[in-house]
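Undergrad: Given next are the chains, with one letter for each unit.
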Amino acid sequence: MNKKVSKKDIAQLLKTWSQQFNVLAPSRDSGVAAMAEWDGKDTSFLDWYRNTVVPPKASFLPPMEAMFRFRKDEEGYQIEPPAKNGQKQLLFGIRPCDARAMAILDMTFEDAYKDPYYLEKRKKAVLVGLGCTNPCESCFCTSMGTSPTDPTNVDLMLIDIGDHFFIEEVTAKGKELIAKTSGLKEATKNDEAEAEKARETAYNKVSRKLDTEGIKDNLLESFDDEDFWEKVAAKCISCGICTLLCPTCYCFDINDELVKGEGTRFRSWDSCGFSLYTKMPMENPRQEKWRRVRQKVCHKYEFYPMAFDVIACTGCGRCIRLCPVNWDITQVIESVPARVKGAK
Amino acid sequence: MKQESEWEPKLLGFLCRWCSYAGADLAGTSRKKYPANIRIIKVPCSGRVDSLFILKALRLGFDGVLVSGCHPGDCHYQTGNYRARRRIAITKRFLEYLGVEPQRLQASWVSASEGGKFSEVVTDVTQGLKEVGPNQLFERKKNGAKAKAGSKGTA
Amino acid sequence: MEQKLRQEAKALLEQGKVDWIIGFAPGSLKFTTTPLITQDKDDAEQLVINPFITNNLANFLTEIKGRVGIVAKGCESRSIVSLIQDNKVARENLVILAVPCPGIIDLAKIERLVGKDRDELDDITRDGDRVSVKVDGKKKEFPIAQVLFDHCLACELPTPQEYDIILGEPRLPAPELKVSGQSIASLKEMTPAERWASWENELSRCIRCYACRNVCPACFCQRCFVEETEPQWTLPMPHWQDNLIFQIIRNIHVAGRCTDCGECERVCPVNIPLRSLTREMYDIVGELFQFKSGMDKDALPLMVHYEQEEAEDFFR
Numbered sequence: 001m002n003k004k005v006s007k008k009d010i011a012q013l014l015k016t017w018s019q020q021f022n023v024l025a026p027s028r029d030s031g032v033a034a035m036a037e038w039d040g041k042d043t044s045f046l047d048w049y050r051n052t053v054v055p056p057k058a059s060f061l062p063p064m065e066a067m068f069r070f071r072k073d074e075e076g077y078q079i080e081p082p083a084k085n086g087q088k089q090l091l092f093g094i095r096p097c098d099a100r101a102m103a104i105l106d107m108t109f110e111d112a113y114k115d116p117y118y119l120e121k122r123k124k125a126v127l128v129g130l131g132c133t134n135p136c137e138s139c140f141c142t143s144m145g146t147s148p149t150d151p152t153n154v155d156l157m158l159i160d161i162g163d164h165f166f167i168e169e170v171t172a173k174g175k176e177l178i179a180k181t182s183g184l185k186e187a188t189k190n191d192e193a194e195a196e197k198a199r200e201t202a203y204n205k206v207s208r209k210l211d212t213e214g215i216k217d218n219l220l221e222s223f224d225d226e227d228f229w230e231k232v233a234a235k236c237i238s239c240g241i242c243t244l245l246c247p248t249c250y251c252f253d254i255n256d257e258l259v260k261g262e263g264t265r266f267r268s269w270d271s272c273g274f275s276l277y278t279k280m281p282m283e284n285p286r287q288e289k290w291r292r293v294r295q296k297v298c299h300k301y302e303f304y305p306m307a308f309d310v311i312a313c314t315g316c317g318r319c320i321r322l323c324p325v326n327w328d329i330t331q332v333i334e335s336v337p338a339r340v341k342g343a344k
Numbered sequence: 001m002k003q004e005s006e007w008e009p010k011l012l013g014f015l016c017r018w019c020s021y022a023g024a025d026l027a028g029t030s031r032k033k034y035p036a037n038i039r040i041i042k043v044p045c046s047g048r049v050d051s052l053f054i055l056k057a058l059r060l061g062f063d064g065v066l067v068s069g070c071h072p073g074d075c076h077y078q079t080g081n082y083r084a085r086r087r088i089a090i091t092k093r094f095l096e097y098l099g100v101e102p103q104r105l106q107a108s109w110v111s112a113s114e115g116g117k118f119s120e121v122v123t124d125v126t127q128g129l130k131e132v133g134p135n136q137l138f139e140r141k142k143n144g145a146k147a148k149a150g151s152k153g154t155a
Numbered sequence: 001m002e003q004k005l006r007q008e009a010k011a012l013l014e015q016g017k018v019d020w021i022i023g024f025a026p027g028s029l030k031f032t033t034t035p036l037i038t039q040d041k042d043d044a045e046q047l048v049i050n051p052f053i054t055n056n057l058a059n060f061l062t063e064i065k066g067r068v069g070i071v072a073k074g075c076e077s078r079s080i081v082s083l084i085q086d087n088k089v090a091r092e093n094l095v096i097l098a099v100p101c102p103g104i105i106d107l108a109k110i111e112r113l114v115g116k117d118r119d120e121l122d123d124i125t126r127d128g129d130r131v132s133v134k135v136d137g138k139k140k141e142f143p144i145a146q147v148l149f150d151h152c153l154a155c156e157l158p159t160p161q162e163y164d165i166i167l168g169e170p171r172l173p174a175p176e177l178k179v180s181g182q183s184i185a186s187l188k189e190m191t192p193a194e195r196w197a198s199w200e201n202e203l204s205r206c207i208r209c210y211a212c213r214n215v216c217p218a219c220f221c222q223r224c225f226v227e228e229t230e231p232q233w234t235l236p237m238p239h240w241q242d243n244l245i246f247q248i249i250r251n252i253h254v255a256g257r258c259t260d261c262g263e264c265e266r267v268c269p270v271n272i273p274l275r276s277l278t279r280e281m282y283d284i285v286g287e288l289f290q291f292k293s294g295m296d297k298d299a300l301p302l303m304v305h306y307e308q309e310e311a312e313d314f315f316r
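Protein chains in written order, with the working numbering: chain A, 1 to 344; chain B, 1 to 155; chain C, 1 to 316.
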């Protein structure tokens, strides 16, 4: 039997969970909408129309992270791993698009190789999803294998049914958490029907569509069409917004901060949109802007599908909404020459 | 407060090689006294001093920066000090707007014959820095102490 | 105005007077536009002029080769003039299509006023000094001083001085300096230590996407100091200290070039109030050297020129 929780009781629920977890929830306290440590009272994010600007990947792959400290003494370099905080994170209010993005990131950080920094946080984390009731104009999740209320990649999924949230128990981890949580009400048949209605309504509200059929092959065929890439790249300003704030982009740079014989090695977000990203001593294979734009598109829609059989885009729409020049990836995909030719 | 009186400011001086550096030399050879708080970097001209040098010095923990060059009209390269003046003027005003104490960026014209003036300037500037106290502008401890967007629990 | 623009742009391309047209086309989201950079005369039909033409198109001039016809609001024209002063573009390679600009609508301000997301708004229309917003079937009216971008409220040049073709009647400036200067004024009420702490706080969320720099027509360095590795002036990871140094030096570098077009602040994805830096620098330059960027194409750039006697008071 599924449970439900009154909207008024969310604060109480989060307080309960705070005893066991480091609860993170959407917040604007830092000046930008992002997942942040829950302050113990604010639940205004439940009414937010939009998703966070900073994607929840930041809780697992932070913008900047210390990898280890090092020190030089008589015996050589001493390495000191970063202090593990041991905290279990509970991300409350993660949207289905971002939860799917986490599953996509797992393919790189767990399947392709084991990234200890990422997995340390990821394996212990609980994701509690919050279904969208009002998808944005820039959202196209339904085209990317997910939906505004998709429970696939979370442990628990909350669906707005008026005064209450209907709780869908998805994973064993989620079920266990609910079993240990007191004060939840039993959901009725009617609640279940309401939840189903909410799912359908939200699904139908997503107006932006992208036909994913054949994208990979289209891109492969038009890969060398320099004229096309130059044209679509013309207005790009090569900033890092669409990549750094993409929930599935994971590129990072590694640098040392040195202070007199000791230091810290950091990794921090990097972007293939930057011209220096591929700079090497002798050459830069992506010196021209169109090559970088092509890389960004193809990595998500061609190379990632080749490696993992999934498109590394979840339709969250951040790149469209936040772009300084309204560079719209759905328009670009639709205008790939091989695709236009195929459609005729 | 006792500790503060023991603290000595560190001042970084960028001195033009034609005038102010020679002025500092003269101060030394004529046995003028000035505080040992200044560390000197010889630059070809005050116009060589990029605002970035000033910021970097403050970021590295210097308590103040002094830029010194030839008097207006006396630049070895004709116009270097005029350009320095514009650049330092906007840098100084901008830093003060951001909240940097005015004493931390100082400038002077000291000619090769002004050993006395050089020692006075360094004495004055050092005194000013003693009054404002240590440079804590870029203290690292602040970083990460507060909740920052998405980067909780790290660096 | 739009019709005339399309005709002129098409004619310029057809007659071979320009190789490129840079203007605005409708965006893919409500109340947005997008830069149109084209060599195709048929694309001229897409050109629009409306209260949402946010971008500073002068930014694209330095990367395009050939002769360019460019749509320019007042602020763009000043950026263009500034680029001419710096020999980054040649006047003879440009055909400036001047748009007398009534100011651009700041959607974030409208969102705050009506308490709704931009996606939820049905329509935004401007009629003279008022802007009406249709939401949930109801109409709400606001004076423009409440909904235009801060930098538009401080605009000194709505109509370009430097142009070849003018589209519509010239407009005179009607600044609302009190409103536009609000954020800087409240910063100045703080103590220096509070101000510094406030900047630490703001810059702490910078993610180094460099959108502020890349969207800026005045930031045209081949390689930015912040990316230098030998010597490494700042670290590439987003420590607030280095983020702040980046902004300070960026502002010093664009002093006398920044025309207060406000793009840096508009594009910042993490809401850093960057115009409170750029505008202050603009005012400092104006006060110390009576210099206004991008007003006179024959004037020497700020940092090239000097007077025998100026800005002396703090020199010992």
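Just so you know, these hints were derived from the structure itself, not from any lab. Predicted model only: the values in this text are computed from it and were never measured. Where is the CB? At the ideal position from N, CA and C, for every residue including glycine. Among the hints, erroneous ones may be present.
Listed below are the simulated EDC-like cross-link pairs for lysine to aspartate or glutamate, each with C-alpha atoms no more than 20 angstroms apart in a straight line [stated by the list, open to error]:
no. : chain 1 : residue 1 : chain 2 : residue 2
1   : C       : Lys65     : A       : Glu288
2   : A       : Lys124    : A       : Asp106
3   : A       : Lys8      : A       : Asp160
4   : C       : Lys65     : A       : Asp227
Per the computed footprint, the stretches of chain A lying under chain C, defined by three or more beta-carbons under 8 angstroms from a beta-carbon of chain C, are [to be verified]:
no. : region
5   : 3-16
6   : 40-53
7   : 135-145
8   : 247-257
9   : 294-307
Undergrad: Confirm or reject each hint.
TA: Now for the hints, and whether the structure bears them out:
| no. | hint | in the structure |
| --- | --- | --- |
| 1 | C:Lys65 to A:Glu288 | 14 angstroms, holds |
| 2 | A:Lys124 to A:Asp106 | 13 angstroms, holds |
| 3 | A:Lys8 to A:Asp160 | 13 angstroms, holds |
| 4 | C:Lys65 to A:Asp227 | 16 angstroms, holds |
| 5 | 3-16 | violated (count 0) |
| 6 | 40-53 | holds (count 3) |
| 7 | 135-145 | holds (count 3) |
| 8 | 247-257 | holds (count 3) |
| 9 | 294-307 | violated (count 0) |
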